[in-house]
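Peer 1: As a plain string of letters, each chain reads:
4 protein chains.
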Amino acid sequence: MAKSRFEYVRDFEESDAVMKQCFIVLRIDGSNFHRFSDKHGFVKPNDERALRIRGYEAAHGVMQIMPDCTIAYGQSDEYSFVLRPDTTVHGRRRQKLVSLAVSKFTAVYQFYWAHFFPETALLYPPAFDGRLVLYPSDKILRDYLAWRQVDCHINNLYNTTFHSLIQKQGLTASESEKRLSKTLSKEKNEILFQLGINYNDEKDIFKKGSVLIGAENRKENEGEIDLWEAQSSEESKHLQKRQVLVLHVDIIKDPFWQRYPNLLLPLEEVKKARKRQVQTDCNKKNNEYLFILVFYHALVFVILDFNIIRNLYGNLKHKNERTLCITVLPRGKHT
Amino acid sequence: MAKSRFEYVRDFEESDAVMKQCFIVLRIDGSNFHRFSDKHGFVKPNDERALRIRGYEAAHGVMQIMPDCTIAYGQSDEYSFVLRPDTTVHGRRRQKLVSLAVSKFTAVYQFYWAHFFPETALLYPPAFDGRLVLYPSDKILRDYLAWRQVDCHINNLYNTTFHSLIQKQGLTASESEKRLSKTLSKEKNEILFQLGINYNDEKDIFKKGSVLIGAENRKENEGEIDLWEAQSSEESKHLQKRQVLVLHVDIIKDPFWQRYPNLLLPLEEVKKARKRQVQTDCNKKNNEYLFILVFYHALVFVILDFNIIRNLYGNLKHKNERTLCITVLPRGKHT
Amino acid sequence: MAKSRFEYVRDFEESDAVMKQCFIVLRIDGSNFHRFSDKHGFVKPNDERALRIRGYEAAHGVMQIMPDCTIAYGQSDEYSFVLRPDTTVHGRRRQKLVSLAVSKFTAVYQFYWAHFFPETALLYPPAFDGRLVLYPSDKILRDYLAWRQVDCHINNLYNTTFHSLIQKQGLTASESEKRLSKTLSKEKNEILFQLGINYNDEKDIFKKGSVLIGAENRKENEGEIDLWEAQSSEESKHLQKRQVLVLHVDIIKDPFWQRYPNLLLPLEEVKKARKRQVQTDCNKKNNEYLFILVFYHALVFVILDFNIIRNLYGNLKHKNERTLCITVLPRGKHT
Amino acid sequence: MAKSRFEYVRDFEESDAVMKQCFIVLRIDGSNFHRFSDKHGFVKPNDERALRIRGYEAAHGVMQIMPDCTIAYGQSDEYSFVLRPDTTVHGRRRQKLVSLAVSKFTAVYQFYWAHFFPETALLYPPAFDGRLVLYPSDKILRDYLAWRQVDCHINNLYNTTFHSLIQKQGLTASESEKRLSKTLSKEKNEILFQLGINYNDEKDIFKKGSVLIGAENRKENEGEIDLWEAQSSEESKHLQKRQVLVLHVDIIKDPFWQRYPNLLLPLEEVKKARKRQVQTDCNKKNNEYLFILVFYHALVFVILDFNIIRNLYGNLKHKNERTLCITVLPRGKHT
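Sequence lines, in order, name chains U, F, V and R.
Quick note, the first sequence lines up with residues 1 to 335 if you use the UniProt record's numbering.
Quick note, the second sequence lines up with residues 1 to 335 if you use the UniProt record's numbering.
Quick note, the third sequence lines up with residues 1 to 335 if you use the UniProt record's numbering.
Quick note, the fourth sequence lines up with residues 1 to 335 if you use the UniProt record's numbering.
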């Protein structure tokens with residue numbers, strides 16, 4: 001198309017690609033959600049519907065448009081998305097990443113509102129804000145996520161006690177606030193205990209928040225995979241690109257990270273690791289069992305010798321959609 | 001609340017307040033809207049519903065949460081919002097401004113979808129991206145807006161001709177594209193003429209795009225003020241804060257800017273100008289006519305002595321909704 | 001040359017071109033100069049040698065490597081250099097501009113040290129730091145320069161009084177500091193007066209600081225042009241590229257800026273203005289006098305008819321080195 | 001001091017602290033040094049004086065004002081300084097760091113010029129430019145240094161061959177350039193061999209550049225520590241704060257980094273490592289050998305045979321608080 005003499009104004013757009021090889025965290029917060037939750041009658045201290053719709057947004061909104069998002073963590077009205085350090089999605093442009101993530105998050109929130117809140121009409125359009133923060137190492141990145149989970153714990157213990165004092169002891173909001181002023185965790189636990197509540201028995205979704213990782217990381221019988229029955233083929237196409245595993249677990253200590261060692265690797269390392277894994281499996285001299293792990297969008301092509309393939313065929317009938325776990329008899333035993 | 005040893009990660013958030021005394025432009029674009037408009041059956045080359053819903057978003061979404069937005073310009077699937085150079089809204093923080101604007105724009109789009117597209121269900125959540133650009137002077141800011149309006153003109157002339165060749169002459173898309181390759185504006189006008197279309201008769205909303213300014217700038221009998229009957233008192237509270245005037249006019253040449261001389265002034269100047277105006281009016285020694293201009297959120301309380309009020313009443317019957325133009329007789333003549 | 005596999009680290013260099021159409025101010029400050037001036041026996045409160053060497057640096061260092069520097073202002077151990085808003089020097093790259101300016105400033109300081117301080121050996125290498133600040137309009141740019149000149153005034157009045165109390169009344173430093181604590185300008189003037197000093201009679205270089213502009217702006221009999229007899233042809237080549245006019249005048253009020261109306265214009269406007277000027281001069285119908293203004297690096301091509309040239313020759317003997325002011329007799333009078 | 005109404009212009013200064021926990025590299029380059037080296041008669045292809053003066057600048061200029069500079073690497077007319085990732089020097093402000101480093105580098109260059117070039121007067125002030133680059137991990141930081149050393153190798157091989165063809169075979173510069181066009185390293189080595197030069201015998205300072213680390217890293221009989229006899233007590237105070245070890249060794253492969261394992265640790269780790277070491281040494285139950293390592297700015301001389309140990313015991317009473325480094329023979333052998 002023709003260029004006008006006004007074209008020069010484009011040069012005022014600054015390039016804003018963020019530093020390479022750093023983890024990208026996108027954090028999205030509800031804007032003025034205190035009022036929003038009041039007006040829409042959210043249950044206090046925690047509205048599970050509200051937490052689930054946000055997890056839903058995260059899973060079916062942001063994690064899908066940003067496939068290099070390796071883990072997301074959500075609590076209260078905020079969500080953090082972590083992109084692998086060598087992602088090149090959208091040229092690592094700050095404003096592009098922030099604005100797209102926030103837009104998608106907002107849109108999915110409304111799109112599924114009626115499903116999660118069938119009896120509450122949306123009174124006015126909600127709004128979120130977002131920011132991008134860089135973290136140079138996996139150690140600091142883990143500290144970031146730990147910071148958010150500690151925040152979840154502190155706020156949830158406070159809110160649970162605060163609302164229990166109101167709901168069970170008939171205190172007013174300001175009396176409850178005063179009662180809790182300067183109390184330590186231990187004291188809040190005690191107050192709850194006296195009100196007949198054992199904080200440890202509270203739901204993990206409230207105490208730990210929600211941890212979202214790609215479903216390819218799933219161990220047997222673990223977590224929930226958020227599945228959704230799409231209403232139209234178009235919705236289906238749009239929303240089911242990536243399956244996401246939802247966990248409510250501790251991410252501050254080491255076990256979580258030892259269980260999922262690939263989460264904070266650079267993409268390049270993940271690809272190498274997968275390749276190595278397949279090669280290792282193929283090279284295995286162990287004649288009794290051969291585990292073939294099939295993962296990540298289920299694109300694996302294994303070449304095995306004739307007998308094993310025949311055996312494999314037999315097992316394929318029973319295969320689980322996403323994992324291919326084959327027991328192969330020792331060579332001599334094939335017939 | 002207690003601070004954890006992870007708190008330090010906050011220091012990785014960069015301050016991103018943008019330079020003072022520069023115009024802030026927020027431009028929002030549809031993300032992958034070619035596909036979105038196909039799937040939702042938008043009319044080609046221009047779907048007036050789609051243009052109006054976007055104008056609506058702009059007016060009732062972004063311009064309301066950013067009261068220092070002095071003018072917005074929209075065309076196709078994009079909208080630009082101009083904030084006065086000395087605005088301090090949200091601390092001029094880049095990511096906050098971009099993300100909130102995009103989120104609100106997205107949310108309002110969905111909120112009013114059913115009104116503008118009563119017969120088309122939303123198949124999947126739409127997405128927008130946004131960016132913030134700074135312009136140091138009103139001259140360059142005007143060139144920016146001119147750039148967008150020239151772009152509107154070029155694209156609309158092309159699209160109108162392209163779709164006319166398909167719809168009226170039965171060409172395929174690629175034949176039409178080939179036919180138009182390297183044609184000048186003049187030649188496209190001629191093609192349209194031969195197909196029985198006078199481009200000048202096309203609607204201004206298509207040819208010029210949409211210009212949104214605060215309703216306080218409205219001259220008599222001018223433009224449309226986008227009014228909306230809210231469905232709930234909450235929606236009403238949320239949406240009716242600011243009235244916006246929608247125009248489809250040339251903003252490249254001078255007359256528009258001469259007609260609305262306050263649009264590009266700093267807030268500080270606007271306030272001074274208003275004060276001066278009121279003082280001037282009060283100081284006027286002219287006994288025959290007293291003009292009292294009432295503007296900006298229509299908050300003016302005039303106290304006049306009994307006679308004048310009586311006189312005022314008479315004129316109030318004919319008063320235009322937005323401007324209060326009172327003829328007052330010379331003092332001696334009151335009775 | 002061959003590329004190594006390490007090349008990729010270059011991508012970590014961020015582009016840092018600063019915003020277009022804004023004035024660029026480079027401010028250079030002495031680092032730890034309090035100690036430096038003590039150790040090298042600078043005269044208190046003002047050492048004219050130290051001020052002059054810094055003016056010299058500015059003139060022969062920075063203003064030469066940055067020809068788009070239109071005005072510089074110096075006081076105490078700091079200097080500010082203003083680049084025209086549309087300069088493209090060094091791609092407007094922030095770090096390049098700051099580091100080159102600071103390096104040149106440092107180098108020239110040492111290079112001419114022995115000339116200004118013939119009896120004081122340099123005991124250790126001095127250091128300066130620098131920063132770049134953008135200003136979007138000439139109004140704000142003028143306020144910036146005014147800020148620095150007000151600072152000069154306040155500090156100089158304080159220092160003059162402080163040191164007079166020590167030198168003339170025998171106070172210790174801390175007594176003098178205590179005496180001046182919370183005094184207003186008026187009171188300081190009074191103290192000086194009692195010590196026999198009329199502050200108004202102090203040298204302008206102390207009270208006003210130093211204003212440097214291109215010598216092409218010089219009016220007749222005005223200011224000093226800092227000339228330097230180079231010791232070698234190489235030095236001469238390096239240092240004499242641009243002549244600079246040094247003034248010690250008020251730059252807060254309007255007269256200065258009215259006297260030199262071109263100083264804050266964009267380069268583009270300056271070029272147009274020059275062109276206009278030449279054309280105006282050529283078009284002048286006045287037969288009695290023809291003023292030919294010659295300016296900026298002495299690039300002027302004058303076309304005159306034979307008689308005038310003969311006349312011109314006569315005048316050339318007396319011509320001032322930098323301005324060519326020719327009186328031409330009315331046509332009829334040439335012989 | 002009083003504030004003027006112009007004070008507001010300070011708000012235009014942007015905060016420019018760089019990201020935490022990333023290595024900071026400051027690279028300084030000669031500006032227009034091709035011309036400078038010509039005019040001052042530098043020896044081709046390498047002028048050892050010029051390389052040494054630059055090493056000197058680095059050691060006594062920049063590494064002293066930035067004590068967290070852990071390693072510097074120089075070649076040709078450039079130098080890179082690496083600051084530990086958790087340095088807080090000058091608030092990690094980009095412009096402050098760049099400008100101070102460049103200024104100090106420039107100043108020291110001139111200050112010691114006469115020492116290194118006693119027979120060549122400085123004809124005009126030299127200039128350098130600088131930039132700051134961040135690297136998020138030690139792996140990438142090592143790749144950065146490798147990139148510079150590969151560059152040194154490639155340029156030096158080229159220049160050595162280029163000038164040998166001119167000096168030994170009488171080629172003109174353009175003939176020599178043409179002869180070398182598109183040759184591989186191997187071919188250049190061969191050309192040199194035919195001219196009687198074995199490239200491997202060239203000095204390491206030319207082939208490897210200069211690596212500067214704190215003298216506290218020094219192993220026995222290793223490298224040179226650049227000592228300088230100051231001309232004045234002031235110079236002495238200013239310049240001898242930190243002793244620097246100069247090496248001309250490979251920093252691409254692992255051995256260098258294994259030999260000096262502390263170089264790329266964060267400051268915090270270095271401090272912990274030192275503390276641990278001392279505690280370990282004190283707690284050691286091992287009766288055979290007792291290693292006491294002594295550290296930081298610490299000049300340690302260890303002498304081992306029995307007598308010395310006996311002597312040591314005596315000395316331990318008087319031991320200096322900061323240095324204590326002893327290897328002890330097996331107990332049985334003491335008598």
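Source of the hints: derived by calculation from the structure; they are not laboratory data.
It is possible that some hints are incorrect.
[Stated by the list, open to error] Some but not every residue of chain F turned toward chain R, in silico, with C-beta under 8 Å: (1) Phe12; (2) Met19; (3) Lys20; (4) His40; (5) Asp143.
Backbone N, C-alpha and C fix where the C-beta goes; we use that ideal spot for every residue, glycine too.
Peer 1: For the hint on F/Asp143, does the least C-beta distance to chain R fall short of 8 Å?
Peer 2: Hint violated; F/Asp143 Cβ to chain R Cβ min 23 Å, cut 8 Å.
Peer 1: Hint check: is the beta carbon of F/Phe12 less than 8 Å from a beta carbon of chain R?
Peer 2: holds, 6 Å
Peer 1: Quick check on F/Lys20 please, does its C-beta sit within 8 Å of some C-beta on chain R?
Peer 2: holds, 6 Å
Peer 1: Min Cβ distance, F/His40 to chain R: is it shorter than 8 Å?
Peer 2: Result: violated, 43 Å to nearest chain R Cβ.
Peer 1: Does the nearest C-beta of chain R fall within a distance shorter than 8 Å of the C-beta of F/Met19?
Peer 2: holds, 7 Å
Violated hints for the displayed structure, listed by number in ascending order: 4 and 5.
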